[in-house]
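Letter by letter, the chains look like this.
Protein chains: 2
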Amino acid sequence: MTSPSSPTHPPKRPIRALPPGRSTDAQKDKVTAWFAELRGAICAAFEGLEDALADGPETPELAQAAGRFERTTWDRPEGGGGVMAVMRGRVFEKVGVNVSVVHGEFSPEFRAAVPGAETDPQFWAAGISLVAHMRSPKVPAVHMNTRHIVTSSRWFGGGMDLTPMVSDASDTESFHAAARAACDAHDPAYYPEFKQWADEYFFLPHRNESRGVGGIFYDYLHSGDWEADFAFTREVGQAFLGVYPELVRRHMYEPWTNAEREHQLNRRGRYVEFNLLHDRGTQFGLRTGGNVEAILMSMPPEARWP
Amino acid sequence: MTSPSSPTHPPKRPIRALPPGRSTDAQKDKVTAWFAELRGAICAAFEGLEDALADGPETPELAQAAGRFERTTWDRPEGGGGVMAVMRGRVFEKVGVNVSVVHGEFSPEFRAAVPGAETDPQFWAAGISLVAHMRSPKVPAVHMNTRHIVTSSRWFGGGMDLTPMVSDASDTESFHAAARAACDAHDPAYYPEFKQWADEYFFLPHRNESRGVGGIFYDYLHSGDWEADFAFTREVGQAFLGVYPELVRRHMYEPWTNAEREHQLNRRGRYVEFNLLHDRGTQFGLRTGGNVEAILMSMPPEARWP
Numbered sequence: 001m002t003s004p005s006s007p008t009h010p011p012k013r014p015i016r017a018l019p020p021g022r023s024t025d026a027q028k029d030k031v032t033a034w035f036a037e038l039r040g041a042i043c044a045a046f047e048g049l050e051d052a053l054a055d056g057p058e059t060p061e062l063a064q065a066a067g068r069f070e071r072t073t074w075d076r077p078e079g080g081g082g083v084m085a086v087m088r089g090r091v092f093e094k095v096g097v098n099v100s101v102v103h104g105e106f107s108p109e110f111r112a113a114v115p116g117a118e119t120d121p122q123f124w125a126a127g128i129s130l131v132a133h134m135r136s137p138k139v140p141a142v143h144m145n146t147r148h149i150v151t152s153s154r155w156f157g158g159g160m161d162l163t164p165m166v167s168d169a170s171d172t173e174s175f176h177a178a179a180r181a182a183c184d185a186h187d188p189a190y191y192p193e194f195k196q197w198a199d200e201y202f203f204l205p206h207r208n209e210s211r212g213v214g215g216i217f218y219d220y221l222h223s224g225d226w227e228a229d230f231a232f233t234r235e236v237g238q239a240f241l242g243v244y245p246e247l248v249r250r251h252m253y254e255p256w257t258n259a260e261r262e263h264q265l266n267r268r269g270r271y272v273e274f275n276l277l278h279d280r281g282t283q284f285g286l287r288t289g290g291n292v293e294a295i296l297m298s299m300p301p302e303a304r305w306p
Numbered sequence: 001m002t003s004p005s006s007p008t009h010p011p012k013r014p015i016r017a018l019p020p021g022r023s024t025d026a027q028k029d030k031v032t033a034w035f036a037e038l039r040g041a042i043c044a045a046f047e048g049l050e051d052a053l054a055d056g057p058e059t060p061e062l063a064q065a066a067g068r069f070e071r072t073t074w075d076r077p078e079g080g081g082g083v084m085a086v087m088r089g090r091v092f093e094k095v096g097v098n099v100s101v102v103h104g105e106f107s108p109e110f111r112a113a114v115p116g117a118e119t120d121p122q123f124w125a126a127g128i129s130l131v132a133h134m135r136s137p138k139v140p141a142v143h144m145n146t147r148h149i150v151t152s153s154r155w156f157g158g159g160m161d162l163t164p165m166v167s168d169a170s171d172t173e174s175f176h177a178a179a180r181a182a183c184d185a186h187d188p189a190y191y192p193e194f195k196q197w198a199d200e201y202f203f204l205p206h207r208n209e210s211r212g213v214g215g216i217f218y219d220y221l222h223s224g225d226w227e228a229d230f231a232f233t234r235e236v237g238q239a240f241l242g243v244y245p246e247l248v249r250r251h252m253y254e255p256w257t258n259a260e261r262e263h264q265l266n267r268r269g270r271y272v273e274f275n276l277l278h279d280r281g282t283q284f285g286l287r288t289g290g291n292v293e294a295i296l297m298s299m300p301p302e303a304r305w306p
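Those protein sequences? They're chains A and B, same order as listed.
Per our numbering: the first sequence = residues 1 to 306.
Per our numbering: the second sequence = residues 1 to 306.
Don't take each hint at face value.
A few chain B positions that, by computed beta-carbon distances, are all more than 10 Å from chain A [claimed, not checked]:
id, residue
1, GLY56
2, GLU58
3, PRO245
4, GLU273
5, PRO301
6, GLU302
7, TRP305
Sample of chain B residues at the chain A side, in silico, Cβ under 10 Å [claimed, not checked]:
id, residue
8, ALA65
9, ASN208
10, GLN238
11, LEU241
12, GLY242
13, PRO255
14, ALA259
15, VAL272
16, VAL292
17, ILE295
Here are the in silico distance ranges between beta carbons for each label pair [stated by the list, open to error]:
id, chain 1, residue 1, chain 2, residue 2, range
18, B, GLU254, A, PRO60, 27 to 33 Å
19, B, ALA189, A, ASN266, 30 to 36 Å
20, B, ALA41, A, GLU118, 19 to 25 Å
21, A, ASN266, B, ALA36, 30 to 36 Å
22, A, GLN64, B, ARG207, 26 to 32 Å
23, B, GLU200, A, PRO306, 31 to 37 Å
Because the hints were derived from the structure by calculation, they are not lab data.
For glycine and all other residues, C-beta sits at the position ideal for the given N, C-alpha and C.
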């Protein structure tokens with residue numbers, strides 16, 4: 001989940017190389033600052049939801065204190081590192097928000113597949129990634145990730161997708177409306193393309209089923225206007241921040257049954273299958289010696305295969 | 001877990017082709033009968049352990065009836081099928097014993113990697129595979145699998161490996177002693193080679209840790225004496241039957257703590273990681289359209305990533 005990109009999924013359009021000698025330092029700093037800012041805003045919103053559970057009816061979960069994020073920094077021996085923020089709360093059973101800024105050289109096996117790495121294996125990558133597994137089966141699980149990669153080319157990637165445990169048409173509608181609004185503010189072609197990309201990506205072929213109700217997924221975004229691409233990537237983060245806490249608030253006070261909880265734990269089994277069998281970010285991260293704890297922070301706290 | 005072989009792991013020695021026109025039907029029948037016989041013996045032994053729990057101290061598990069295997073047959077659209085036997089009991093939280101006999105053609109992507117399939121893609125494969133996840137963290141989990149593959153060559157493969165949740169040197173010793181005795185009865189070179197193969201195979205590189213305490217793993221066994229190779233494969237099954245129920249009996253009456261149960265559920269998370277990220281049989285089975293339920297029968301009933 002902290003991987004810079006999905007090198008086995010080639011770009012649809014060739015990515016322009018940067019002019020020789022062009023410095024990208026200023027933009028790297030802006031991107032790095034944004035991911036940290038977004039992480040702060042998300043963590044604050046989620047901690048607020050932990051507090052807000054007290055405003056609802058008496059439930060066993062209230063016996064537990066409101067959750068707070070714990071941050072752990074990690075260094076990547078080859079260069080860079082990250083901060084893993086994890087909260088085990090009473091609304092958020094387990095949520096990880098990872099920010100990483102790494103740099104180094106792609107190994108020979110990846111060079112051919114990464115745009116701009118064929119000639120120069122040096123890369124820089126920063127990203128934020130988040131997976132939330134909720135205590136209540138009424139509240140959907142969610143994943144969000146955005147990233148910026150710089151090789152001898154550069155691009156943005158990311159997306160967000162929703163995994164309800166109990167299907168709710170209005171949640172799906174709200175989530176997609178937020179994704180669409182973020183896209184439409186930048187390019188009317190984005191939403192249809194990125195929605196389809198998510199539908200294709202978040203699919204378990206061995207089960208012939210979707211992971212959830214989709215969302216948007218994009219990669220190799222390089223319109224030629226770096227500022228516009230960065231603005232879109234910020235907009236995806238803001239859309240997430242606008243919609244997901246609202247969905248949590250919508251359902252966090254509802255009671256649930258043991259059968260719904262069982263169903264949630266079984267659906268989480270499918271989530272594990274997707275992440276370990278199919279998610280290119282996870283496989284890439286593990287194969288390239290990424291931080292195991294940060295990569296597997298996406299695993300649910302508990303899952304079942306009955 | 002029901003996959004015929006691990007085509008990405010090439011044989012160490014070339015495998016002789018069968019003489020043209022040579023019928024292998026009689027041997028296929030013998031192998032098929034053996035796997036069914038072994039399945040029957042294992043299921044009977046495991047059901048006996050379910051009953052035997054009543055001979056011990058009063059525990060909450062005794063409120064549940066002794067488990068019994070339920071069998072489900074499945075057909076493979078391309079040819080053959082199998083029988084999945086599953087028991088959800090009070091000693092065996094979840095155990096699957098699958099027997100399959102399948103035939104067909106290897107797809108072009110696998111032909112080059114499978115001995116004897118380069119020239120003729122037809123194959124026949126039969127096997128038994130078993131994974132047991134135990135209710136008590138004091139009782140080790142176990143995996144056993146043996147198989148026979150026929151292409152224009154033919155060979156045996158299989159093994160057994162133990163995954164204790166609470167380490168116990170004498171269990172490890174008993175399990176390896178049984179594996180060694182099975183090997184030594186056939187060839188003194190087998191045990192050291194097959195033990196090392198298991199140590200290499202049942203390893204999680206991303207965690208830099210072993211899945212359990214190993215056992216034996218062998219593949220492409222083709223000594224030139226088919227009867228001897230078949231006898232060895234039967235011996236592995238008998239060794240399993242001799243030692244594993246004994247290990248269960250050794251620990252099934254012991255009490256355990258919540259902390260030990262938590263530890264077990266966390267260790268099962270690593271088991272899931274191994275099976276989905278690294279197990280070639282699982283990946284091969286899923287990629288070649290094997291029976292998903294049978295392949296993923298190896299998943300634990302419950303696992304945690306705290």
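Evaluation of the provided hints:
Its beta-carbon lying about 26 Å from the closest one in chain A, B:GLY56 satisfies the requirement of being farther than 10 Å from that chain. For B:GLU58, the condition that its CB be more than 10 Å from all CB atoms of chain A holds, with the nearest at approximately 26 Å. Distance check for B:PRO245 against chain A: the nearest CB is about 24 Å away, which clears 10 Å, and the non-interface claim stands. At roughly 6 Å from the closest C-beta of chain A, the C-beta of B:GLU273 falls inside 10 Å, breaking its exclusion from the interface.
The Cβ of B:PRO301 does not lie farther than 10 Å from every Cβ of chain A; its closest approach is about 6 Å, which violates its non-interface assignment. Not every CB of chain A is more than 10 Å from the CB of B:GLU302 (nearest about 5 Å), against its label as outside the interface. Residue-level check failed: B:TRP305 sits 4 Å from the nearest beta carbon of chain A, not beyond 10 Å. At about 17 Å, the closest approach between the beta carbon of B:ALA65 and any beta carbon in chain A exceeds 10 Å, and the interface hint on this residue is violated.
Among the interface hints, the one on B:ASN208 holds; its C-beta lies about 9 Å from the nearest C-beta in chain A, closer than the 10 Å criterion. With 10 Å as the threshold, the beta carbon of B:GLN238 stays out of range of chain A, its nearest partner Cβ sitting at about 29 Å, so the hint is violated. Given hint, B:LEU241 at the interface with chain A, is violated; its Cβ is 26 Å from that chain's nearest Cβ, farther than 10 Å. With a least beta-carbon distance of about 29 Å to chain A, the hint placing B:GLY242 at the interface is violated under the 10 Å criterion.
A hinted interface residue such as B:PRO255 counts as satisfied when its beta carbon comes closer than 10 Å to some beta carbon of chain A; here the least separation is about 23 Å, so the hint is violated. At its closest, the beta carbon of B:ALA259 sits 16 Å from a beta carbon of chain A; the interface hint therefore is violated under the 10 Å criterion. Satisfaction of the interface hint for B:VAL272 is found here, the shortest Cβ-Cβ separation to chain A being roughly 6 Å, below the 10 Å cut-off. Annotation: B:VAL292 was flagged as interfacial toward chain A, and the flag holds, the nearest CB pair being 5 Å apart, inside 10 Å.
Taking 10 Å as the C-beta cut-off, the interface hint given for B:ILE295 holds, the closest approach to chain A being about 8 Å. The hinted range of 27 to 33 Å is satisfied by B:GLU254 and A:PRO60, whose Cβ atoms lie roughly 31 Å apart. Range check, B:ALA189 to A:ASN266: about 46 Å between beta-carbon atoms, so the 30 to 36 Å window is missed. In this structure, B:ALA41 and A:GLU118 break the distance hint of 19 to 25 Å, their C-beta atoms being roughly 58 Å apart.
The given range of 30 to 36 Å is respected by A:ASN266 and B:ALA36, whose C-beta atoms sit roughly 31 Å from each other. Against the hinted window of 26 to 32 Å, the Cβ-Cβ separation of A:GLN64 and B:ARG207 comes to about 30 Å, which satisfies the hint. Separated by about 32 Å at the C-beta atoms, B:GLU200 and A:PRO306 satisfy the suggested range of 31 to 37 Å.
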